[in-house]
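S.K.: Chains Y and P are the protein sequences, given in the same order. Residue 603 is where the first sequence starts when you use this note's numbering, and the numbers rise one by one after that. Residue 95 is where the second sequence starts when you use this note's numbering, and the numbers rise one by one after that.
Keep in mind that a hint or two might mislead.
Unchecked claim - A few chain P residues that face chain Y, going by a derived Cβ cut-off under 10 Å, partial list only:
#, residue
1, Leu157
2, Asp160
3, Ala177
4, Glu184
5, Leu192
6, Arg193
7, Ile197
8, His202
9, Arg203
10, Val218
11, Leu222
12, Val252
13, Leu264
Unchecked claim - Derived contacts from chain P toward chain Y, CB cut-off under 8 Å, selection only:
#, residue
14, Ser168
15, Arg178
16, Glu187
17, Gly198
18, Ala201
19, Pro215
20, Ala217
21, Arg219
22, Arg226
23, Asp230
24, Val287
25, His288
None of these hints come from the bench; they were simulated from the model. Don't be surprised by glycine CBs; every beta carbon is placed ideally from N, CA and C.
What follows is the residue order along each chain.
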Amino acid sequence: MRFVFETRYRDSLRLFRRPGQRFWFVLLAVALLTAPAWLDTFYVGELTWVFIYAIAGIGLMLLVGYTGLVSLGHAAFLAIGAYTHTILLDHGWPWPLAVLAAVGLSAITGYAVGRPTLRMTGIYLAIATLAFAEVVTQLISHWESLTGGFRGLPVPRAVVFGVDIGRSVPFYFVCLGLLVVGLWLARNLLLGPTGRAMNAVRDSEISAKSMGIDLAQVRSVAFALSAGFTGLAGALYAHQIGYLAPDAFTLLLSIQLLLMVVVGGLGSLHGVVLGAIFLGLLPQLIALVRDELPTAVARMPGLEPGLFGLVLVLFLIYEPLGLHGRWRKLRQFFEEFPLYRRHTHKRQRRYLRTGRLR
Amino acid sequence: MPPLLRARHLSLAFGGVKAVDDVSFDIEAGEVFSVIGPNGAGKTTLLNLISRFHDPESGGQLLFEDQDITRLPSHHVARRGIARTFQNIELFEHESVLRNLLIGLHAHRRTSLLDELLLLPAAVRQELAFRRRAEDVIDLLDLQPYRDQVIAGLPYGVRKLVEVGRALCLGPKLLLLDEPSSGLNPEETADVVHWIEDVNEDFGATILMVEHDLELVGEVSDRVMVMADGAVLTIGTPAEIRRHPDVARVYLGDEAVETT
């Protein structure tokens, strides 16, 4: 049996709390750092996609998994990040500043979306964010002088201090680095008062209020942070697709992002990465399946979104805690072997809750 | 010394029902003040008015430490030092006991978002200070065995205690308890007497408690307020309340009183 052993309060702030965790993370780091040397260029590109998805996933996880607010409009924040970054690069801004501006503008927009939707939850909030995303798509399509409309906008090469980082291997490391920083920031946030306040808002708004938590502030900060991370992913996304057009940021992309955090496991940063791997591999899987199917089915329009939906539904029914939840059960099985009991993870009925006072 | 909390002419109607009808009372600093009354007397609504979940009708006024809090938003009322528990328990279900208690300390947050994102020394110091305070509360309520357990898996009695602990983490001057003994077995109810005394004497919190268990009320209260149909029937010491003829009448009905 293994357990978390701590002798000082400070220990709970350590990066690796479980015994053996450090070893596996170092191994993972070595594998990722050397990957371009032994991996085919195609797969390096695929891994870069995974990193970008994961950065966007951190943003969405903060909002959906930790604050309990569902957004169907995160493709819009990705678009805002991507377009801001590209347009500023075109205006001769240095790369790091353009990225920061993309993050900043996305975060401000996120705050602006969070404020007026304060009283909305669940499906109503999802619809509001969906409407917001639609507005952004329309703006991008029709503001041709700025965004190029449907003609699209080529993304300039990424050059930092005279070094071209746009080629696949350097860009791989840039995305990896930003993902690690992003995960670290998110972890710190979740350790502290703001992270806890977000959890409080998710689990019981009424008692959050009675604990002195300002709902309006927490929700809009969650929106801003979420949009900021997604905006960062958007700036990287722009380089990865190379050519921006409004149809790259559709509702389907928002749903894919949501699928990623749900499949990964709501309420966990591990889940973000697992979900991003899943989302990165899914097109390959679908391509494999498609080859095996009869032509009439394989050519059917909407096969891909349909499969996404199917996966989402299956996870919600059979593993609501996602890949990370499945992993935790496996880990517990081995840690407690042979004492593991399946019912430990049985979902329980909740006790009666005080009626919402509004 | 002026009263800690002064409620003046509080009224609130839901549709045609007068839930609270012109209620006025004072709570002295340091006392245990209980509110009793039959179901539907407006006791919980009264607590919700003090927590500022509802707005009292015009003319009503709430003064806390001589400051008007009648129109203050809920989270500001909490930050002034009024904490509460709920009748049906409103804990953060997916979090551990410790994390629930730490959420209770949120009102003492002094760090900025940047401190927390980068885990700067100020954030670390605050986190350690929070942890020490949470551990003090864990000691006071004997919650050590449950520290790292998630709320969803805990027995009802422990959840009630965790909720009190979370309220204590706020460092309240006034603690509002909504039926602390409801759903508890007799042994756990006996424990309630002890921790109420601990919280009142060691922690120095004034307590406003809504409760149905008259034995418990009699044991811990300094003063008792009886409510019926939203209005105050009488206020007095537990002994006075027991002798008061109207009290038996609201609980037992007119005939029962006449035959005794």
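S.K.: Hint by hint, say whether it matches the structure.
M.R.: Here's how the hints hold up against the structure:
Interface hint at leucine 157/P: violated, since its Cβ lies 20 Å from the closest Cβ of chain Y, which is beyond the 10 Å cut-off. Among the interface hints, the one on aspartate 160/P is violated; its C-beta lies about 21 Å from the nearest C-beta in chain Y, farther than the 10 Å criterion. The interface hint given for alanine 177/P holds, since its Cβ lies 7 Å from the closest Cβ of chain Y, which is under the 10 Å cut-off. For glutamate 184/P, the shortest C-beta to C-beta distance to chain Y is roughly 4 Å, which falls under 10 Å, so the interface hint holds.
Interface hint status for leucine 192/P: upheld, as the beta-carbon distance to the closest one in chain Y is roughly 9 Å, under 10 Å. Taking 10 Å as the C-beta contact cut-off toward chain Y, the hint placing arginine 193/P at the interface holds, the least distance being around 6 Å. The beta carbon of isoleucine 197/P is positioned within 10 Å of a beta carbon in chain Y (closest approach about 5 Å), and the interface hint is therefore held. Nearest Cβ of chain Y to the Cβ of histidine 202/P: about 9 Å, under the 10 Å cut. The hint holds.
With a cut of 10 Å, the hint placing arginine 203/P at the interface with chain Y holds, because the nearest CB-to-CB distance is about 4 Å. The restraint placing valine 218/P at the interface with chain Y holds, with a minimum CB-CB distance near 6 Å, inside the 10 Å limit. This hint holds: leucine 222/P has a C-beta 5 Å from the nearest C-beta of chain Y, less than the 10 Å allowed. Nearest Cβ of chain Y to the Cβ of valine 252/P: about 12 Å, over the 10 Å cut. The hint is violated.
The restraint placing leucine 264/P at the interface with chain Y holds, with a minimum CB-CB distance near 6 Å, inside the 10 Å limit. About 4 Å separates the beta-carbon of serine 168/P from the nearest beta-carbon of chain Y, less than 8 Å, and the hint is met. Restraint check, arginine 178/P versus chain Y: the minimum CB separation of about 5 Å is within 8 Å; hint holds. Hint status for glutamate 187/P: holds, given a least beta-carbon distance of 5 Å to chain Y, under 8 Å.
Evaluation of the glycine 198/P hint against chain Y yields a held restraint, the C-beta minimum of about 6 Å falling below 8 Å. Here the hint on alanine 201/P is kept, as its CB sits about 3 Å from the closest CB of chain Y, short of 8 Å. The closest approach between the C-beta of proline 215/P and any C-beta of chain Y is roughly 12 Å, which is over the 8 Å cut-off, so the hint fails. Interface hint at alanine 217/P: satisfied, since its Cβ lies 6 Å from the closest Cβ of chain Y, which is below the 8 Å cut-off.
Against a cut-off of 8 Å between C-beta atoms, the interface hint on arginine 219/P is violated, since the closest Cβ of chain Y lies about 10 Å away. Taking 8 Å as the C-beta cut-off, the interface hint given for arginine 226/P holds, the closest approach to chain Y being about 7 Å. Annotation: interface hint on aspartate 230/P violated; nearest CB of chain Y at approximately 12 Å, more than 8 Å. With a least beta-carbon distance of about 24 Å to chain Y, the hint placing valine 287/P at the interface is violated under the 8 Å criterion.
Hint on histidine 288/P is violated. Least Cβ distance to chain Y is approximately 24 Å, over the 8 Å limit.
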